[in-house]
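Peer 1: Kindly produce the complete structure, drawing on both the sequences and the hints.
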Amino acid sequence: MSSTNLRSEIYKTIGFTYRNYIITKRNFFTLFETLFWPIIGLISVGLMGAYLNLDKNYLAFILIGAVTLSVLQVSQLDVAYVLLFDMWSKSLRYTFVTPISIFNMIFGAWFFGAFRGLVAFLILVVSGKFLFDLNLLIDPVGLFIFLLGIFLSAMIIGTLTCSLLLIFGYRAEVSAWTLTAIFMLLCGIYYPVTLLPPGLREMAYAIPLTHFLEFYRSFYGFSPSTNNPALIGYSLSFLFLILLFLTLMWASDRARKRGTVTQFSE
Amino acid sequence: MHSVECEDVWMIYRSLFSEKVALKEVNLKIPRNKIYGILGPNGAGKTTLISLMATLLRQTRGRIEVLGYDTISEFREIRKRINIASGNPNLIWSLTVYENLRYYSLLYGINDRKAVEELIKEFELEEFRDVEFNKLSTGSKQKLILARAFVNNPELVFLDEPTKGLDPPVARRLREKIRFLQKDLGITIVLTTHYMSEAEMLCDRITFINRGKIVAEGTKEELKRLLKMRDKITIEIEGIVPDLRLEGVFAVERDGNQLSFYVDSAEARLWEIAKEVARFGRIKNISVKEVDLEDVFNELAK
Ligand SMILES: Nc1ncnc2c1ncn2[C@@H]1O[C@H](COP(=O)(O)OP(=O)(O)OP(=O)(O)O)[C@@H](O)[C@H]1O
Ligand SMILES: [Mg+2]
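Which chain is which? The protein sequence lines are A and B, in order.
Quick note: the first sequence uses the working numbering, first residue 8, plus one each step.
Quick note: the second sequence uses the working numbering, first residue 140, plus one each step.
Mixed in with the good hints, there may be bad ones.
Mimicking DSSO-like on lysine-lysine, the simulated pairs with C-alpha atoms at most 30 Å apart in a straight line are [to be verified]:
#1 A:Lys264 - B:Lys371
#2 A:Lys97 - B:Lys316
#3 B:Lys168 - A:Lys264
#4 B:Lys352 - A:Lys97
#5 B:Lys316 - B:Lys303
#6 B:Lys163 - A:Lys264
#7 A:Lys97 - B:Lys371
#8 A:Lys97 - B:Lys274
#9 B:Lys371 - B:Lys414
#10 A:Lys32 - B:Lys253
Bear in mind the hints are in silico, worked out from the structure with no lab data behind them.
Peer 2: Next up, the structure:
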């Protein structure tokens with residue numbers, strides 16, 4: 008790839024980051040998404056822990072779950088909505104007629120999603136410390152690996168939602184919320200996955216987020232059920248992403264055959 | 140080389156329970172550096188055809204080449220060089236004029252703030268530069284949609300009913316703008332429209348489509364010749380005229396004492412027809428109407 012080509016790919020990607028940034032800036036409710044719900048989540052889970060007299064490590068266990076869920080939810084929305092914005096405003100054809108690839112679209116939106124997720128995380132770090140004496144910055148390198156893991160999970164959910172939107176139309180919007188809820192159930196956000204009945208447990212281990220949670224909780228004295236949860240989490244993430252990128256490419260091509268793009272432009 | 144070539148193109152919209160043939164057997168060659176018009180009634184397949192050429196759809200059968208590239212295997216090359224604008228003015232609501240243009244030029248890999256400002260000037264949108272899209276008037280929205288189509292300096296622009304829903308003076312200014320841009324930039328414009336006057340004013344060549352098929356194609360002059368074929372001679376007569384077989388007559392309509400002859404040329408056939416009809420009664424009145432684009436459109440749209 009020549010340097011002008013590379014530069015042009017970067018601009019195409021940044022285009023989506025730019026658009027998500029402007030939309031977020033204009034929309035009061037995104038402030039809620041980024042600030043309000045994460046803090047509400049942290050406080051209610053923290054208070055529940057206090058009421059149940061949990062010791063410090065167990066409190067950390069469930070609070071890490073609450074933080075993960077919030078950060079995941081905030082950062083996946085940017086990716087999941089990248090097509091939805093166009094569908095709502097019936098401008099899908101103007102995005103599809105440009106020479107962008109799905110990678111420009113997904114990564115561009117994801118950069119901003121990760122940024123928002125990071126903001127939400129930092130707010131939770133401060134409130135967690137202040138309210139529940141929770142130290143989330145126990146291991147900086149580990150934290151980086153953990154956060155990137157959550158952001159990759161956000162990309163997985165977002166990409167899947169985009170594919171579903173192209174295949175099933177608006178109604179697939181619910182998947183953006185549903186998928187996070189299913190993740191919440193399976194990945195052991197508030198409990199170790201060993202608690203799950205067999206069958207569900209295997210499914211839990213197939214999801215990368217399970218391993219990222221086990222990885223970060225290991226710093227708080229909970230031993231993971233595999234030797235190298237971070238490595239497994241990343242390998243699974245890449246596997247999922249490759250499959251999902253192929254799915255999204257297929258869904259875009261299908262949309263061209265079926266007229267989905269023009270249908271969402273009238 | 141042509142800017143667009145379609146070879147036996149079919150478009151069938153398939154869903155779980157239904158199939159809709161939107162285009163069939165479309166063969167078309169669109170020349171370069173001209174304004175080309177696609178006319179047809181509602182549901183004829185104009186948007187489908189233009190979207191196929193703009194790589195937004197993928198044909199079920201046949202081949203389409205745009206600027207020498209295949210729309211299926213080389214669509215990304217095409218997308219760099221073309222653009223579209225539709226008369227349904229829809230862009231992301233909460234982005235301003237500037238932000239919309241900036242966003243789309245980034246999607247073409249262009250990072251040039253000055254070019255965006257110039258585009259805003261060129262399309263007389265300065266006063267709305269920082270107005271969000273959903274707060275613009277329809278006319279300004281339409282201008283912005285058109286401006287957007289030029290962010291990548293395209294060689295070929297597709298306009299789907301560019302003046303839809305505009306006041307006549309606004310529509311006229313936009314048409315003038317389209318004409319000016321085409322000449323000034325030396326590009327090809329393919330547009331669809333319902334308005335005959337628009338086609339007359341703008342288009343160097345026109346194709347009529349109806350129910351997914353091309354029914355006529357040509358330059359204005361060629362079409363006019365085609366139109367001449369359908370001049371209408373109406374004769375009112377006292378008496379009963381049997382079915383006549385006359386040279387140059389394509390169709391005869393009866394309405395009481397009135398007979399309408401559709402002929403290739405009124406001038407050439409009038410005398411012959413009148414003489415023949417006069418054998419069956421006294422002619423009370425004769426009128427001749429040369430058919431205009433509007434009539435042809437109505438005829439072809441039947
Ligand atoms: N995505 C789609 N799925 C199924 N059928 C479609 C789709 N898009 C268009 N059609 C059908 O295909 C036919 C041609 O539609 P098209 O929009 O191309 O017509 P048009 O000439 O642009 O009409 P108009 O003047 O109303 O804009 C219509 O019968 C329409 O209902
Ligand atoms: Mg149309």
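Peer 1: Against each hint, give a clear statement of whether it holds in the structure.
Peer 2: Hints versus structure:
{"no.": "1", "hint": "A:Lys264 - B:Lys371", "result": "44 Å, violated"}
{"no.": "2", "hint": "A:Lys97 - B:Lys316", "result": "25 Å, holds"}
{"no.": "3", "hint": "B:Lys168 - A:Lys264", "result": "23 Å, holds"}
{"no.": "4", "hint": "B:Lys352 - A:Lys97", "result": "28 Å, holds"}
{"no.": "5", "hint": "B:Lys316 - B:Lys303", "result": "15 Å, holds"}
{"no.": "6", "hint": "B:Lys163 - A:Lys264", "result": "15 Å, holds"}
{"no.": "7", "hint": "A:Lys97 - B:Lys371", "result": "45 Å, violated"}
{"no.": "8", "hint": "A:Lys97 - B:Lys274", "result": "16 Å, holds"}
{"no.": "9", "hint": "B:Lys371 - B:Lys414", "result": "16 Å, holds"}
{"no.": "10", "hint": "A:Lys32 - B:Lys253", "result": "23 Å, holds"}
Going down the numbered hints, you'll see the structure goes against 1 and 7, while the others check out.
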